[in-house]
Amino acid sequence: MKKHSIATALVATAALCGAGAAHAQAAGDVMVKLGWNKIMPKVRSTELSAPSLPGSTIDIKSASALFFTAAYMVTDNASVEFLGGLPYKHDIIGTGSVQGVGKIGSIHQISPTLLMQYRFLSPDSPFRPRIGVGPTFAWFYGSKGSAALTAVTNPGGPPTTIGGDTELGATTELGASFKINKHWFVDAAVLKTFINTEAKLSTGQRTRARLNPVAVNASIGYTF
Amino acid sequence: MKKFHVLTTALAAAVFLAGCGGNEAGNQKPRVAFTSMVSFGDSLSDVGSYAVGAVAAQGGGHYSINGIGATGLLWTNWTEFLSATLDLAAPCAAETGLNTIQAVVGAPPVPATFHDASTGGTCTNYAQGGARVTNPVGPGNALLFNASVPSTYSNAIGQLTVPVQTQIANYLAHNGGKFTSDQLVTVFAGGNDIFINVATFQATVGAGGDPTAAATAAVTAMAQAGTEEAGYINAQILANGATHVVVVNLPDVSLTPFAIGSGASGQALVKSMTQAFNSALQGNLTASANLVFVDAFAASEDQATHMAQYGLDNVTTPTCTSSSSLVCTKNTLIGAVAPAASGAAATAANTYEYADSVHPTPYGYRLLAELVSEQLAIKGWL
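These protein sequence lines are chains A and B, in that order. Each residue of the first sequence is one higher than the one before, counting from 1 in our numbering. Each residue of the second sequence is one higher than the one before, counting from 1 in our numbering.
To be clear, the hints were calculated from the coordinates, so they are not data collected in a lab. C-beta atoms are modelled at their ideal positions from N, C-alpha and C, and glycine is treated no differently. A couple of the hints might just be wrong.
Stated by the list, open to error - As a list, the in silico DSS-like pairs of lysine-lysine whose alpha-carbon atoms are at most 27 angstroms apart:
1. A:Lys61 with B:Lys29
2. A:Lys200 with B:Lys29
3. B:Lys29 with B:Lys379
4. A:Lys89 with B:Lys379
5. A:Lys103 with B:Lys379
6. B:Lys29 with A:Lys103
Said to hold, decoys possible - Just the calculated beta-carbon pair ranges, DEER-fashion:
7. A:Lys192 with B:Ile68: 50 to 56 angstroms
8. B:Gly22 with A:Ala26: 41 to 47 angstroms
9. B:Ala112 with A:Lys103: 44 to 50 angstroms
10. B:Phe293 with A:Lys103: 20 to 26 angstroms
11. B:Ser151 with A:Gly100: 44 to 50 angstroms
12. A:Asn212 with B:Gly72: 35 to 41 angstroms
Unchecked claim - Non-contacting residues of chain B with respect to chain A, defined by C-beta distances greater than 12 angstroms in every case (computed):
13. Gln58
14. Cys92
15. Gly208
16. Gln236
17. Asn240
18. Asn290
19. Thr317
20. Ser322
21. Ala341
Just need the whole structure built from these sequences, with the hints factored in.
So this is what it looks like as structure tokens:
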């Protein structure tokens, strides 16, 4: 019952702040959040296509950035939430037969997501756990190559660049918010996104990567 | 709803910001700032030791398909691909010359001349076609010419064949006896010891000698050559201040058109000789953090078995019509890979591994450069 005691503590805090319970997450409410999100891709990539050293695969490292959301309570329990934020910059490292070459590049992405959520408990409950599901649109751009990438794909030639696709994926969410006072609340969520992408090198090789990232975030929210 | 407008604006701004920035090259500088590359070896690293006299007249000098852009690639030899990758000037031959036998070839000899520090030059590629590890007489040396034996006539071209041992000694003599920490030193040799010892084996067996004993002698000689090369690297290169040394072992010579042409038993012998050389080389090298050992043997076998993955269609047919690729150009290619039109690049040759019976096409060399680059990147030098 640990969560309950945390909730109790938060309720106590809320009480100390002198907040009323008039406004909560009830039908018609609009909430915004601002916080920090960490995206941890769980990459499984296919071998880089020919011509390349057999077994060349990639891993994409975690990245964090500021994120914000806007939610609308359709009913007392159902809500729609848009997740946006600043771009994430992921390092790309070589794995498989190129294990050890280290960072071969980096790529930026933004992945706006629209979640249909169900919030448990009553609208005026200080603790509102929720589940959500919805589409994620991932946009990969602004990549950077490296001397090592060029060297193993086109030695002595012009620099090799990395292109990413835009991809549609699906995201599921487990989250909860804790009311601090009439307007303010804190929020935390874990999201799992199911998404693939294809990295294309300017030298013609491609690799399909299953990214399926797990994201964790914490934020502060405000209810209008 | 003013606050809502602020939020909308912020979202729009974030998306807009995200849209900035295309796909960039990123930092193309290697992690180690090399200032020069010093190469020792044979034809596989030679960038023009014999690009003079009779060879230059035919547009030759590289042991591949000669001519910048002949197949549409930017470079020809792996040392050229690699030096460009390391942001260095193109390598040039530290010593040039030809001991051409004029009576046979019709062109005069060209005196051996250094273009390295000893003459105020900047060339540091000492690798020479025909060079062996220790023995000063390798394939193409005029001393192997015998007027009564037609099969020796190709030696009339008179390659200098300065062996690796002497190449290193020449470098040291001309550069104060030291290597420096901002040099990449490459050593890649052994092939000519294979060819000479195969010739000796054939001569012995042809004269009625015991094939088993002759084969054993050939394998033993290769182990000796490998041990000697390791010794020069240990005592002359690593011990004289080199901190970035690349040693490439012999590719599987039994997979070359040269060996395939000698039949299954010939291939087996050549493979044993190659392995004897490689294991002696690797086994006798001093363990050192300043050394990268590149396994070209394994890579060559992998290229032959997974051709498509390397972009290859043919790993057994030479693209050149000339017996030696030293004078091969895009105008002397087999029909299958000849340029589509006059003036066009012979791009089809980029699907072939071999230019002649033992030397790679420019694409084959590029694959070797990729392999070496990969190892340098893993080592943290690139």
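Checklist entry - Does the no-contact call for threonine 317 of chain B survive, Cβ to all of chain A over 12 angstroms? => result 19 angstroms, holds
Checklist entry - Between asparagine 212 of chain A and glycine 72 of chain B, is the Cβ distance one that fits in 35 to 41 angstroms? => result 40 angstroms, holds
Item to check | Cβ separation of serine 151 of chain B and glycine 100 of chain A, checked against the hinted range 44 to 50 angstroms | outcome: Hint holds: Cβ distance 47 angstroms, inside 44 to 50 angstroms.
Item to check | Straight-line alpha-carbon gap lysine 200 of chain A to lysine 29 of chain B, limit 27 angstroms | outcome: Satisfied, since the Cα-Cα distance of roughly 22 angstroms is no more than 27 angstroms.
Checklist entry - Was glutamine 58 of chain B rightly flagged as not at the interface, with every chain A Cβ beyond 12 angstroms? => result At roughly 25 angstroms from the nearest Cβ of chain A, glutamine 58 of chain B sits farther out than 12 angstroms, so the non-interface label holds.
Next on the checklist: Next pair to validate is lysine 103 of chain A with lysine 379 of chain B; report whether the Cα-Cα distance is within 27 angstroms.
Outcome noted: 13 angstroms, holds
Item to check | Given hint lysine 103 of chain A paired with lysine 29 of chain B - CA-CA distance at most 27 angstroms | outcome: OK: lysine 29 of chain B and lysine 103 of chain A at ~13 angstroms, within 27 angstroms.
Checklist entry - Against chain A, does cysteine 92 of chain B keep a CB gap of more than 12 angstroms to every residue? => result Cysteine 92 of chain B clear of chain A: closest Cβ-Cβ about 15 angstroms, beyond 12 angstroms.
Checklist entry - When you take the CB atoms of glycine 22 of chain B and alanine 26 of chain A, is the distance between them in 41 to 47 angstroms? => result 46 angstroms, holds
Checklist entry - CA of lysine 61 of chain A to CA of lysine 29 of chain B, is that 27 angstroms or under? => result 22 angstroms, holds
Next on the checklist: Please check whether alanine 112 of chain B and lysine 103 of chain A have a Cβ separation lying inside 44 to 50 angstroms.
Outcome noted: Once the Cβ atoms are compared, 46 angstroms apart, the range 44 to 50 angstroms for lysine 103 of chain A and alanine 112 of chain B holds.
Checklist entry - Would glycine 208 of chain B pass as off the interface with chain A, using Cβ distances and a cut of 12 angstroms? => result 46 angstroms, holds
Every hint, counting from the list given before, is met by this structure.
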